[in-house]
Amino acid sequence: MDLSAINPVLFVAGFLVAATPLIFAALGELVVEKSGVLNLGVEGMMIMGAICGFATAVETGSPLLGFAAAAVGGALLSLLFAFLTQITLANQVASGLALTLFGLGFSALLGQSYVGIKPPRLAEVNFGPLHDIPVLGPVLFSHDIILYLGFALVVAIWAMLKFTRAGLILRAVGESHDAAHALGYKVVRIRTLAIMFGGACAGLGGAYISLIRVPQWTEGMTAGVGWIALALVVFASWKPWRLLLGAYLFGGITQLQLNLQGAGVAIPVEYLAMSPYIITILVLVVLSADKSSAPASLGRTFHASS
Amino acid sequence: MKLSTLLASAALAIGLAGGAYADDKTKVGFVFVGPVGDGGWTYEHNQGRLAVEAEFGDKVETVFVENVAEGPDSERVMTQMALDGADLIFTTSFGYMDPTINVAAKFPNVKFEHATGYKRADNVSTYSARFYEGRAIQGHIAGKMTKSNIIGYIGSFPIPEVIRGINSAYIHAKKVNPDVEFKIVWAYTWFDPAKEADAAKVLIEQGADVVLQHTDSTAPQAAAQEAGNVITFGQASDMAQYAPMPRVSSIIDDWAPYYVARTKAVMDGTWTSTDTWDGIGAGMVGIGDITDAVPADVKAEALALKASIADGSYHPFTGPLKKQDGSDFLADGETADDGTLAGMNFYVEGITGDIPN
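Residue numbers (my numbering), protein chains in the order written: chain A, 3 to 308; chain B, 14 to 370.
Just so you know, the hints here were simulated from the structure itself, not pulled from any lab data.
Just so you know, nobody snuck in bad clues.
Pairs of lysine-lysine, DSBU-like flavour, derived with a Cα cap of 30 Å:
hint: 1; chain 1: B; residue 1: Lys335; chain 2: B; residue 2: Lys160
hint: 2; chain 1: B; residue 1: Lys119; chain 2: B; residue 2: Lys277
hint: 3; chain 1: A; residue 1: Lys120; chain 2: B; residue 2: Lys157
hint: 4; chain 1: B; residue 1: Lys312; chain 2: A; residue 2: Lys120
hint: 5; chain 1: B; residue 1: Lys160; chain 2: A; residue 2: Lys120
hint: 6; chain 1: B; residue 1: Lys38; chain 2: B; residue 2: Lys119
If you're wondering where the values come from, they're calculated on a predicted model, not measured in any experiment.
Please model the complete structure; the sequences and the hints are all you need to start from.
Below, the structure is given as structure tokens:
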């Protein structure tokens, strides 16, 4: 056992990176669910974002264009879901699952010629002297712009939901679509926009995996992060700050257990491997003892005549 | 005629035609643990499937299902394949062992082939490759090339096949470099690129300058490339897109001849339950090109080691060897028998850490 082998600075920097895809995907889904729609297609939209972002970054040489394309790709795929559930009033659970299957297959098709290619690197944001602060510099000020965007987005969504009229309307649609409709809000339009936002976020999260965290394209490379994001939204009781905490906990403990294994800590590995799931769930369950509940119209189909 | 009637009869006609069509074809099913595009383990099994198609053309029909979780889900997939008329089903991951045995008992006329397991039945064969022979060569190169004397090893699950690989690599790294230390991280997955990359990064951060992997994707290669000055080895497939650095060599699984032979046996009616375990000599394990990043003398030694394993003059598990707890494993000059190797559940002396249960 040799704990000195673990470099705490690299460890924290590592878990911020590991948590970012989860933050994007879960935050997008949070907005979608706040509008009363349950989209189980997060995994499919993430993998679409991963390949759209990767392909664009490789073709144009610009990682930022890649991320933009990833957001567009995810949003386009989510439009399919919006069409199925909002226009044709299909079942949301089935449509979401279908979206995941479709995304996984379609991304594999698109990605065939991108296997084994190294994507262009996204530079770190230049914070000048801040970067040179011992410990804090490498931990907080040596990342790419997208990681900071993820954090900023959490703040923005929280503020939007809590303080703005747009947030109030979104919540109203999610709590009671009939009442919102009676007040004259365009329920279908608002939900479609929320679904597209969720798709764009999931796409960004996927591209973060293929362009920064791994970085490469492999079929099915999101390997279940989308499902974890879905669970995280529920355990965070639809609150952005808890979601951020949950994502950091999950990412942090995942990294920590790998580090501990490498350092040869005498805790049985099987407990280490399950610890991220258990601890994240425990903490968020304890936090959610305040009876925050799901949006009342979550998963219910809305039709103006009914 | 109503549209629905028309559609129904059309579907029926296609179904009947399909049924009649399928009768004179041998149907071969494959159950894969990852996607066929993983660039590693499943990719090579799929190459074997394509070789079967190329060999027999119209006489065979192959089907595959990818990303099948080990456990109950795989049982459902195999059952569906058998119900759909498969004559021969290859189940290509260790965790499919009990599901394969269960489904095989329900379909006595369907032949099953389970990779890397040890349970057989009248209609279940097992097959595997002696990957540990390739690991010996990797261990040799790793021991010679490491400067930090720390070698990282990404394990998937603590099963005999993976433990055998760790032991074989360690024995041969230690032989050429007594100061070498292995850091082993268990990922508890066969395929999760993000997690595999994280594991590789952690090992590199903790000082490893050689990373060996026993997981299926090329993600650790990408992570090593990113870090620079770290060498890796292709796992299951050549992973040549990462040559000459970080990937300096590889173990390549070549399943094609076996898959073709077994399909032929089913066609001829000569199929029997067997246990096949071939290595470098038989060509089931290939050693990918050793790149120029490896010094010429080390490369020559590695190739000599490969030749001696291939012709049977050297066995990677040759005594004297002790187990981790200090008890005797092999006496001087003694080689491990296949039974011991197949059930290997201990580290050899010198490796630190415990094997998870």
